[in-house]
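K.L.:
Sequence:
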Amino acid sequence: MRSIIQSKKVLFIVAAVILCLCLGGISYIIFRPRVVSNVTIEAGSPMVDVSEFLLDKNSSGSYITDVGQLDTSKPGTYEIEIQVGKRIFKSQLIIKDTTAPTGTPVDVLVLKGEEINPHDFVKDIYDITEVSVVFSKKLNTRIPGNHDVEIILSDTSKNTTILNASLTVLDVKESIQVEAGSDVSLTTYDFVDHGDWPVSFITPVDNLDFSKPAQHEIKLDINGKTVSSFIHVVDTTPPAATVTDQETYVGQPIEADAFVSNIVDVSDVTYSYKRKPDFDKEGITEVNIVLEDTYGNKTEYTANLKVVADNDPPVFSGIKDITIYEGQSVSYRKNVKAIDKKDGEVSFQVDSSKVNPNKAGKYEVVYTAVDKAGNKAVEKAAVIVKKQEVTKEIVYEMADEILNKITKPGMSKQEVAYQIYKYVRGSIAYTGTSNKSSVIKEAYRGMKNKVGDCFTYYSVSEVLLTRAGIPNMCVTRQGGKTQHFWNLINCGNGWYHFDATRQRDGAETFMMTDADLEEFTRKRGNNYYVFDKSKYPRTPEK
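Residue numbers (this note's numbering): 155 to 696.
Just so you know, these hints were derived from the structure itself, not from any lab. You can take every hint at face value.
Quick list of in silico lysine-lysine cross-link-like pairs, DSSO-like style, CA-CA up to 27 Å:
| hint | residue 1 | residue 2 |
| --- | --- | --- |
| 1 | Lys435 | Lys526 |
| 2 | Lys687 | Lys567 |
| 3 | Lys266 | Lys277 |
Ranges between beta-carbon positions, derived for each pair:
| hint | residue 1 | residue 2 | range |
| --- | --- | --- | --- |
| 4 | Arg429 | Asp375 | 50 to 58 Å |
| 5 | Ile417 | Val462 | 21 to 29 Å |
| 6 | Arg658 | Pro694 | 26 to 34 Å |
| 7 | Arg676 | Ile560 | 28 to 36 Å |
Treat the numbers as computed from the prediction; the structure is a model and nothing was measured. Glycine is no exception: its CB is placed at the ideal position from the N, C-alpha and C atoms.
Throw the hints in and build the complete structure from the sequences for me.
P.N.:
So, in structure tokens, the structure goes:
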């Protein structure tokens with residue numbers, strides 16, 4: 155019995171084990187894994203197909219996870235849910251970044267002391283992740299010249315790339331100096347040693363004035379940057395000149411500049427004696443002349459000064475015999491000068507006490523000049539007074555001279571006539587007497603002595619009008635207590651009355667008609683402008 159029970163137990167255990175094995179096999183078949191534990195891709199790669207996650211490549215599955223929202227550019231581990239059949243499985247997507255960043259090195263130009271950024275030395279940086287850019291070592295832009303630069307590119311996965319570039323540090327001079335008046339030809343290299351880097355002038359330096367000291371601001375374009383510098387135009391060159399020995403008289407000082415000529419300097423120059431010479435002592439002395447320009451540059455020259463006594467009298471020039479006609483005035487001093495070697499032009503006296511200009515004869519005039527030293531010069535000349543013979547030629551020559559003064563080319567005849575009218579009326583004083591025997595003689599007397607009566611005014615007017623080519627005739631008063639003479643003229647627009655005699659009330663008596671004369675006579679009375687109209691042409695009504 156016991157053995158039977160034991161046998162049944164064994165059979166039960168065996169059956170149980172077999173049952174468990176069957177159940178376990180069935181469970182494994184049902185619940186066994188259908189996906190891999192993880193899939194690894196390179197950052198930036200496209201999302202893999204779901205089949206990459208399946209253990210059985212012949213099976214099919216689909217993503218439960220919205221992989222379209224998954225950023226494959228970011229390294230990390232991401233949980234992925236996949237449906238195979240009716241079951242959902244979990245796996246992992248591992249995104250790794252094993253690719254180093256890339257970029258193109260760039261050579262950089264900076265000015266001395268200018269700050270730099272490592273990003274300036276690289277372009278076209280590429281990496282799937284964020285990239286940091288740093289220098290491999292600190293750079294000093296205070297040192298001009300060319301420097302090798304090492305740039306390190308690092309991504310977030312610590313992949314690195316090293317790029318090599320060049321840094322050029324330019325030291326632009328704050329200013330340069332050029333000599334005033336020199337031949338200046340400037341290039342950009344005078345301001346900065348820029349090698350092959352492009353540098354150009356913004357300021358047109360060829361238009362600057364370098365002839366005198368000044369300061370000019372210069373702007374340069376250095377690889378697209380505007381930089382300022384200055385040109386100091388200075389004068390460090392002392393004046394140059396030609397030196398000539400000088401001679402002077404005792405007691406007559408001369409300035410230092412008398413010794414020098416042909417001064418060459420870009421600025422104003424002053425002249426002085428290093429030691430003032432003694433001008434009161436005869437003899438030859440060596441003197442030192444100091445030339446100093448505006449900017450303190452000095453030159454010293456040596457010359458000889460000769461001091462002599464003044465024994466030379468003044469010398470006259472322009473003295474000559476004078477010929478005049480009776481009654482003509484004399485200008486004894488015209489074109490006469492007295493020049494002294496020491497004193498220059500000096501005054502002189504004229505003794506004409508023996509000359510009678512109103513009586514024909516030969517007379518003597520004496521010129522005397524005395525310089526400061528008492529040296530006297532005396533010269534004599536003859537004054538010949540001739541008896542005056544008045545001719546038409548002489549009078550016409552006098553008239554032409556007057557016309558040249560009072561008229562201008564291009565004037566109409568009426569304009570010329572009016573200038574004659576104003577001249578005669580304004581230059582001759584009324585005295586009430588005249589020589590009525592000759593128009594020529596009275597015209598001469600009127601133009602020469604500038605006195606007379608109405609016949610004088612008429613005579614001078616007739617001569618001037620005739621020489622001016624203006625037709626004219628004499629009109630005389632008819633009746634009345636006294637005579638009166640005036641002109642009738644024709645300027646091309648008819649005959650008009652012309653009376654240059656001064657009127658007490660200043661009335662205008664130029665270009666009058668017959669009607670004007672009648673009205674004037676009515677007001678003035680005394681038959682003033684009454685004349686025999688039958689003897690003369692009629693005037694226009696206006």
